Each structure stands twice: as C-alpha cells, then as structure tokens.
Amino acid sequence: MYNYSDFDEAFVRARVAQFTQQVERRLDGSLTEEEFRPLRLMNGLYLQLHAYMLRIAIPYGTLNPNQMRQLAHIATTWDKGYGHFTTRQNIQFNWPLLTDVPAILGALADVEMHAIQTSGNCVRNVTADHFAGAAADEVEDPRPYAELLRQWSTDHPEFQFLPRKFKIAITGSPNDRAVTRAHDIGLRMHRNDKGEPGFEVMVGGGLGRTPMIGHTVRDFLPVADLLPYTEAVLSVYNTLGRRDNKYKARIKITVHETGAAEMTRLIEARFAELRPLFGGNDQVLLDYIRAAFAPPSFRNAPVDGYDAFYKADPSFRAWADTNLATHRHDQYAIVTISVKAHGETPGDATADQMRVMADLAEKFGHSDLRISHEQNVILPHVHKSDLPAVHAALVQAGLGTANVGLISDIIACPGMDYCALATARSIPVAQKIALRFEELQLEHDVGPLKIKISGCINACGHHHVGHIGILGLDRAGVENYQITLGGDGTETAVIGDKTGPGFAYDEIVPAIERLVRAYLELRSEASETFLQTYRRLGLEPFKAALYVAEGEQDAA
Amino acid sequence: MSRSFTPKVVTANDLRLGDVVYLKADDQWTRLHTEAELIDDEAHAQMRLLHGAAQKLLVVGAYLADAKLGPNGPEPTHFREEFRTRGPSNYAHGKQADLSNV
Numbered sequence: 001m002y003n004y005s006d007f008d009e010a011f012v013r014a015r016v017a018q019f020t021q022q023v024e025r026r027l028d029g030s031l032t033e034e035e036f037r038p039l040r041l042m043n044g045l046y047l048q049l050h051a052y053m054l055r056i057a058i059p060y061g062t063l064n065p066n067q068m069r070q071l072a073h074i075a076t077t078w079d080k081g082y083g084h085f086t087t088r089q090n091i092q093f094n095w096p097l098l099t100d101v102p103a104i105l106g107a108l109a110d111v112e113m114h115a116i117q118t119s120g121n122c123v124r125n126v127t128a129d130h131f132a133g134a135a136a137d138e139v140e141d142p143r144p145y146a147e148l149l150r151q152w153s154t155d156h157p158e159f160q161f162l163p164r165k166f167k168i169a170i171t172g173s174p175n176d177r178a179v180t181r182a183h184d185i186g187l188r189m190h191r192n193d194k195g196e197p198g199f200e201v202m203v204g205g206g207l208g209r210t211p212m213i214g215h216t217v218r219d220f221l222p223v224a225d226l227l228p229y230t231e232a233v234l235s236v237y238n239t240l241g242r243r244d245n246k247y248k249a250r251i252k253i254t255v256h257e258t259g260a261a262e263m264t265r266l267i268e269a270r271f272a273e274l275r276p277l278f279g280g281n282d283q284v285l286l287d288y289i290r291a292a293f294a295p296p297s298f299r300n301a302p303v304d305g306y307d308a309f310y311k312a313d314p315s316f317r318a319w320a321d322t323n324l325a326t327h328r329h330d331q332y333a334i335v336t337i338s339v340k341a342h343g344e345t346p347g348d349a350t351a352d353q354m355r356v357m358a359d360l361a362e363k364f365g366h367s368d369l370r371i372s373h374e375q376n377v378i379l380p381h382v383h384k385s386d387l388p389a390v391h392a393a394l395v396q397a398g399l400g401t402a403n404v405g406l407i408s409d410i411i412a413c414p415g416m417d418y419c420a421l422a423t424a425r426s427i428p429v430a431q432k433i434a435l436r437f438e439e440l441q442l443e444h445d446v447g448p449l450k451i452k453i454s455g456c457i458n459a460c461g462h463h464h465v466g467h468i469g470i471l472g473l474d475r476a477g478v479e480n481y482q483i484t485l486g487g488d489g490t491e492t493a494v495i496g497d498k499t500g501p502g503f504a505y506d507e508i509v510p511a512i513e514r515l516v517r518a519y520l521e522l523r524s525e526a527s528e529t530f531l532q533t534y535r536r537l538g539l540e541p542f543k544a545a546l547y548v549a550e551g552e553q554d555a556a
Numbered sequence: 557m558s559r560s561f562t563p564k565v566v567t568a569n570d571l572r573l574g575d576v577v578y579l580k581a582d583d584q585w586t587r588l589h590t591e592a593e594l595i596d597d598e599a600h601a602q603m604r605l606l607h608g609a610a611q612k613l614l615v616v617g618a619y620l621a622d623a624k625l626g627p628n629g630p631e632p633t634h635f636r637e638e639f640r641t642r643g644p645s646n647y648a649h650g651k652q653a654d655l656s657n658v
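Protein sequences appear in the order of chains A and B.
When the letters of the first sequence are read in order and numbered with my numbering, they come out as residues 1 to 556.
When the letters of the second sequence are read in order and numbered with my numbering, they come out as residues 557 to 658.
Simulated from the structure, these hints should not be mistaken for lab results.
Fair warning: this is a prediction, and the values are worked out from it, not measured in the lab.
Keep in mind that the hints are not guaranteed to be accurate.
[What the hints assert, rightly or not] Just the calculated beta-carbon pair ranges, DEER-fashion:
#: 1; chain 1: B; residue 1: Glu598; chain 2: A; residue 2: Glu9; range: 54 to 60 Å
#: 2; chain 1: A; residue 1: Arg475; chain 2: B; residue 2: Leu613; range: 36 to 42 Å
#: 3; chain 1: A; residue 1: Val548; chain 2: B; residue 2: Ala653; range: 41 to 47 Å
#: 4; chain 1: A; residue 1: Glu34; chain 2: B; residue 2: Phe561; range: 43 to 49 Å
#: 5; chain 1: B; residue 1: Gly626; chain 2: A; residue 2: Glu257; range: 46 to 52 Å
Note that the Cβ used here is the ideal one computed from N, Cα and C, for glycine as well.
The shape of chain B in the complex, shown without the other chains:
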C-alpha cells in the first residue's frame, strides 16, 4: 500500500544571512547537515516541517530534503543538497570556508 519512506531533514535559509540551515531534534537550527534531525516517519516529517516553517522570523523557505544516515550523522542524497552543505565549487566561499574550523 504505502511505499517505504525516504528519510528526510527539514532545511531552510536563515532570514538575515541567507545561509542554509537545518532543523535539529531540539528545535534549534544548525548550519551543519550532520547535526540535523533525520526523520524516518512521514507524519513526523510533516509535523517537523510545519514547526520549522512557522519560525518566520528566523528562516525562509523551509522544505523537506531527502537524506540518509552516514558515519557522522545525516548526509544528503542528491547533489543539489550536497552543494548546499558546502557552498559553490568555483571559490572556497560559504560553509566550506566559514565552517572549516568547526
């Protein structure tokens, strides 16, 4: 009946900075994909998305992105989401530079 659910993370952009953020299990937003809450239940995913999207003074454009569990925490499965975890490929700008010492 129902197909198996692909795990998700809630992601958005920070309202003031524009930087990519992820929703953690403790309701805080993080810059690191690996710290995101990996959601493996569809109903829970919808609840978490509503919770994230409601924080209109903090984030813009919240959505659910496919993810999987990796050795250091949740990892993206699609290349677009992978680029969002690090920044552009032509310069060391964005997360790959800002978070390199985290």
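The following block holds chain A by itself, in its conformation from the complex:
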C-alpha cells in the first residue's frame, strides 16, 4: 500500500501542530466558536448531540494492520472502546473530549492517517470498491487513481470553498460495489476497443433530499486525462454551482438546472483549456503510486483442506456461502467480515475486535484490510487453506456472523442516537429488524436483500438505493419511518419508490416483516431475489401487503 512521502508526512504533522494551537486559542478565548468552528470541521471534528465526534478518513477504504491497531488504541485511550465505520469509508469516534483531539490527531499522524477534509465544502475522502486489487471481475485496481485524486484534492487551493461538499467514488470493475452512480463524480473503469483502460465519467449523482442518478458526461476517458478532466468538472461546478441556497448547492442541482448536455459541453471546453497545462508530472507521480499497489506475492499451496472442511462443517459452510467472494487468484478468497452481528450496532467494532482483525490480516491476509461502504471489514487476500482458521478466530471475537448481503446486513447511519442533524433514530430499528429475522430463522431463505436506513433526509444511510429503504422523520414530534422499495446502488442504479404513509417506531419492524413475507409468497422460485421480484411485479402487491393491516383496522 501507499506510504507517505516526506511531503505528506510534513503536511500532516504541520496540520496537527496548527490544530493543537487552534484548540488552545479556542480554550483561552482568542478564538470565538464562530471562528473556531470552520477550523475544527476542516479537521473532521463535529459537535453532535451528546459529545464531539471525530471523523477520520480511511482513503479508498484501505488500512494496514498497524493503522487498525492504532484505531483500537485511540478507541481505548480517548474514547469508549469502539469505533463506528461509516458509509463513506471513514471511521468515527463518538466521545472524544475537545482537549484530547490534538493528541488523537498526533496518534493518527504516527500511522499516516488524518481527519483532513472529512468535513467542509471540499473534496471529501475518495471512496473505492472495497474488493479493489482482489476482485475477479476487475479491469484494473482503481486505488492508484483514488490516491492520485487524494493527493491532488488535499488542500487544493481552488477547491477548498466549493458551493457544497464533493464526493468522488471509483470502481475498477463492471460490477459496481462503490455506488458510483450516486456520487458527485462517479468513475467506472472499462476498456475501449483497443483494449486500453479508461473511465466512464458520471457527474451529478447523489442521494439526500433530492436523490439523483449521475449522468454520463464522458463514455471513455483515457486514464492519463483523469486529473485535468476532474479539475474541469470541479472548475465548472465552482463557477456555476449555487451559493445562495444550501439545499440547491450540490452539483446534481447544477447539472439538473444547466442540463446534462450543456454541462458536458462546458466541462469539455474547460478540459480543452486545462489539458495542455498538465505537462506529465501527474503521470510520473501515478507510476510511483502504482508501484505501491503492486499485488502481494500470492502463496501457492493446496486447497484440499478447505474443500474438506467446507463439506464437513455446516457453520463454516454457511459463512463461506455468504461472506466469501471470488478472488482473481483461484486459490484465494475475499473475506467479508460482518460487523453486523444480530442485535449489535451496524458498523461498530470494539477495540478488541479491531485488534483481532489486524492480527488476522497480518497472519493470513497479506497485511491488507478494507472498510466497505456497507460498514463491514474486508480481508481481500486470504488463501483458501487458511479460511477455517480465520473463521474460527472471527467466531471467537463475535465477528463470525454469516449474513453478508442478507437482511440483517443493514446499513444504518448513526441517526438520532448521535447525530445533531437526525430527525429519528436508525440504529435501534436496524437492531430490531436483525433480531426479528434471526428469531424467525428466515434470512437465509429470503436470500440477498439490502435494507438501508437513514435517520434524516440527508440519506447517509443510502436508503434511496436500498432494496428496502427506511427513512426516519419527525412527524409532529413523533418518530415516523417512510419506506421505499426497489432501490439499487449497483451498476443498474435506481432510486427506490415511496410506498406511502410512514410507520411509527413500534410499527416499522412488523411492516418490514409483512413486506418480506409478501416477497416469499410472490417470488416465482427460490432463486428469484427480492429485487427481481419487485422489478417483475412492481409496487402494488408489496403496497397491498404493507398497508393491509391498516385497511382491515379501518374497516373494522
């Protein structure tokens, strides 16, 4: 993986020193809160409902074991012994004291990490396919490009005060695991007729209060043009994007109001101006970065032990069937560690669990760890012969849940248990749904089903692209949950359809159960997934199941 250059190291250390002094000046009164607030946000420090929250970037979701151990150290030293992995491949600590944050940032700098640009109207953490460099379906590892974008966008003087925040996601595979179509810029790698790699560039996607799927502004962008083209998109947005209304400031609104064709023309015109200014140093840097992402030296060893164990042990088999993905090397597998044990908080890992995952990555996983936008942790390179040992260690640590991609593998934002913006809770809804379906012993029968929950309209829980999406709102001083159906965050991205009136806090789990039971009745065969059934039949039969009880009550 990429290691900091002297420049990176000096930059991050200087920022820690700067922020340390800013905290001191806030505490002695030389800075007002109005002056201090943008400075703390530039360093990822929010003030939430009950405490401060520090959001730390995990660039393109990649961590090494020492970094994971350092996060565990931070959790036990300055927080409450756990961390929360987010849908943007960040980790959040929910309880730091303001006076401890400089020390935390110092500890992060010790392992080449930081919290810079995890807030504010700038280019945020660049996210990537969590299977990057391992997936069998990959055109190319997208992470060198993500790292190039990270270096280019960090402290970029032109793009520190954009109209609004700006999120870039990149995938190197035709199967989109990075929700690229719901980002300000989505980049999807593919090859042209000559077999050269390049990007489909999508602009203006986003969720939030006005969900939109991104428009393709360039079908094929040669990889060498990535920075000038990205700069052209940001430059056009920086000029045209609205600063008069926060809710209309994202690039999706700019694209919507300007029109995709005109936006494309403006971007291409700006690109024509910018392209000659890039003299090739970016490509020299890219080559340097690429070398840091060279694949590990894969082991060549028999896999018979794995096959035998798979046949013999049903619990291992269940886990292997749900939590493993196909690796490009046929003796290897990609392991998704579920951070979604039934009844636990989605995406929360304790310090002990972090240490177990770090140790497993070191011992069995070529020292590579990933965080997925679905709030799980990935060991991207595990030799199949090591899988039984990995599984046993995970089970011991409470990380062996066999539910990846199933109904209890729920995305949930922090919601009103932590977030100052939230209008309702999300975490307990996720916990109750997972526990209910565990009790029913139904989730393996139901099969692939993505539930995504947001506690407000800002949609950090990606509810619009959930097969079942749940949006928590405040309706006349009471928590109320709206349901959307048929959303999809992959290469066939679509925004889900609203079903109708929302449900009270204690009605939402039974409502989800009615939907799932309806699906089991409606599916043509066991292999037809929830999403396929929904696409075949549409909203009506599900709506009938959802509101039937209410109708009966009314009639009674």
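With chain A held as given, fit chain B onto it using these hints.
Only chain B this time, still in chain A's reference frame:
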C-alpha cells in the same frame, strides 16, 4: 394577539467535554435537565439565552428548548431533547451511565 408561550430551558454543550448542559436559575450550568431553570416568560427567555450564549469559554451552541414541569423538575417535551437528557439507545453511554449514581 400573542399566543401562549411554551415554557423553555436554556441548553447547550460543554465546550471541553461536549456534554449537554442546562442553565440554572443561579447562573450555573448543570448536567441535569431537572435542575434547569424553567422559563415561562418569552422576554425573560431571550434574556437568559443571551446570558447563556455569552459564556463562550464554557458552552457552545446555546438555544431555547421546549420543556414542561414534571414531578422532579423540568422535563423535555420533544423526543430529541429527551435523548439529550440520557444519551444513545444502543449503549449505556453518556448521561444515563455517567449520572446514574447522582
């Protein structure tokens, strides 16, 4: 002419700790909602808010929150404010743990 005024408390977050605090009638800040000054006059509420917000070395983000009188003192009326009096629902963290022996 004027609608009846919903009683209020002044609340904020502690600058150093981030914890939720409430303004008492004696000008001190407390961690307990029940010890807050319940304000039932609009003009007085604005004065108390100004007083609270001016204490910039102690608190951040002071505002007026709706409240009502309960058996043990002022109680919140909205669920958001209720969560702020105790902490998150997924762990026994925050006030519900820190103040359990108060």
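Evaluation of the provided hints:
1. B:Glu598 with A:Glu9: 54 to 60 Å: The hinted range 54 to 60 Å holds for Glu598 (chain B) and Glu9 (chain A), with Cβ atoms some 56 Å apart.
2. A:Arg475 with B:Leu613: 36 to 42 Å: holds (39 Å)
3. A:Val548 with B:Ala653: 41 to 47 Å: Since the Cβ atoms of Val548 (chain A) and Ala653 (chain B) sit about 42 Å apart, the hinted range of 41 to 47 Å holds.
4. A:Glu34 with B:Phe561: 43 to 49 Å: For Phe561 (chain B) against Glu34 (chain A), whose Cβ atoms are near 29 Å apart, the range 43 to 49 Å is violated.
5. B:Gly626 with A:Glu257: 46 to 52 Å: holds (50 Å)
The structure fails hint 4 only (numbered hints given earlier).
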